[in-house]
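These protein sequence lines are chains H and R, in that order.
Residue numbers for the first sequence follow the numbering used here, so the first one is 1 and each next one is one higher.
Residue numbers for the second sequence follow the numbering used here, so the first one is 1 and each next one is one higher.
Just so you know, the hints here were simulated from the structure itself, not pulled from any lab data.
Any given hint might turn out to be false.
As the list claims (entries may be wrong) - 20 Å max Cα-Cα, derived SDA-like pairs, lysine to any residue:
no., chain 1, residue 1, chain 2, residue 2
1, R, Lys161, H, Pro83
2, R, Lys228, H, Phe13
3, R, Lys161, H, Pro81
4, R, Lys106, H, Arg15
5, R, Lys161, H, Ala84
6, R, Lys229, H, Pro81
7, R, Lys229, H, Gly70
8, R, Lys228, H, Phe82
9, R, Lys161, H, Arg15
10, R, Lys228, H, Leu8
11, R, Lys229, H, Arg85
12, R, Lys40, H, Leu8
13, R, Lys211, R, Gly138
Listed here are the chains, written in short residue letters.
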Amino acid sequence: MSQSISGLRAWIFQRITAIYLAVFVPIALGYLLFFPVTSYQSWIELLSSSWVNTSLLLFVFAILLHGWIGIRDVVIDYVQPFPARMMLLVLVGLGLIVCGVWAARILFNVKGVV
Amino acid sequence: MRFRIYRYDPDQDREPYMQDFELAETPSGMMLRDALLALKAQDETLSFRHSCGEGVCGSDGMNINGRNGLACITPLAELKEPVEVRPFPGVPVIRDLIVDMQGFYKQYRSVKPYLIRYDPEPEVETLQSPDERDRLDGLYECILCGCCTTSCPSFWWNPDKFLGPAALLQAWRFLTDSRDQAENDRLEALDGPYRLFRCHTVMNCVDVCPKSLNPTRAIGHIRDLMLKKSI
Chain H
1 MSQSISGLRA WIFQRITAIY LAVFVPIALG YLLFFPVTSY QSWIELLSSS WVNTSLLLFV
61 FAILLHGWIG IRDVVIDYVQ PFPARMMLLV LVGLGLIVCG VWAARILFNV KGVV
Chain R
1 MRFRIYRYDP DQDREPYMQD FELAETPSGM MLRDALLALK AQDETLSFRH SCGEGVCGSD
61 GMNINGRNGL ACITPLAELK EPVEVRPFPG VPVIRDLIVD MQGFYKQYRS VKPYLIRYDP
121 EPEVETLQSP DERDRLDGLY ECILCGCCTT SCPSFWWNPD KFLGPAALLQ AWRFLTDSRD
181 QAENDRLEAL DGPYRLFRCH TVMNCVDVCP KSLNPTRAIG HIRDLMLKKS I
């Protein structure tokens, strides 16, 4: 992963995902402020809209990719010994993948429920 | 005026220490380099590089009260006492304020800081329009003192892999030169996670440059050009 997403490509992905996050997060928070979700049922209803579902899925993907590039940058800067660096990156990578799969499962299951 | 100066002689000292100095007379307009020369008269073992004395040669770069700068153009009047003088951070110390700049020069050389042309040599000079010439302003003035690169945290962490602001400023200086024909090769050599992209726009380089140059902006230009070329 660090070979395929490095240098220019990592930099571009970081910026593109940042733009998406900067647009999505205020809109999502604003929406939740004006239309508070109070029950489990209303969460299901909200998430069953394919717009919400897809944009949320994109949000998860964007924040995971953004986080991966950012954490990888920090690790490359500060963690010099190769074994420690490798272990940290693998742990972070696995953690992010688990988060992604978990979030995707939730979002896809909502679609299945309705 | 009181000074605290970093001392280290690898032949005698087990580890570096700070030595206190006192200078009785500091006439107005005195620069730090003059003060160091006066202190060297007190203790002739004090070692530092210096040459032109007017901010042109870039020899007497050092860390002055925590900030990189050229001693010869740093007025004593601007400095808080005791003036703490150390060698550049993040590079090996040879002795006292003298540091090993080999790594810095190696990175500078690696950007091929000269015009590369593939066309046969022309009969006359390769001319530039005034606009093309203007693009070199703010780039060619670099004196390679090393103040920027040795104040860059990204260079401290990866001095062998990250080129550092001075070398990257020169990379852009030749990328944007209308006479140069190696744009693609230069850009290709800069890609990858380290050489250019370790820059996180900390901007220490801009803060300390004694020539008021802006390496961060140059690095931004290189990224933009890479982006344009890749789409």
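Hints versus structure:
1. Lys161(R) to Pro83(H): Distance ~18 Å between lysine 161(R) and proline 83(H) Cα, so the pair holds.
2. Lys228(R) to Phe13(H): 15 Å, holds
3. Lys161(R) to Pro81(H): It holds: about 15 Å lies between the C-alpha atoms, which stays within 20 Å.
4. Lys106(R) to Arg15(H): Between lysine 106(R) and arginine 15(H) the Cα gap is close to 31 Å, so the pair fails against 20 Å, i.e. violated.
5. Lys161(R) to Ala84(H): Holds - the C-alpha atoms of alanine 84(H) and lysine 161(R) are around 19 Å apart, at most 20 Å.
6. Lys229(R) to Pro81(H): 35 Å, violated
7. Lys229(R) to Gly70(H): 24 Å, violated
8. Lys228(R) to Phe82(H): 34 Å, violated
9. Lys161(R) to Arg15(H): The given pair, whose Cα atoms are some 23 Å apart, is violated under the 20 Å limit.
10. Lys228(R) to Leu8(H): Measuring from Cα to Cα gives roughly 11 Å; hence the hint holds.
11. Lys229(R) to Arg85(H): 32 Å, violated
12. Lys40(R) to Leu8(H): Violated, because 49 Å separates the two Cα atoms, which is more than 20 Å.
13. Lys211(R) to Gly138(R): 9 Å, holds
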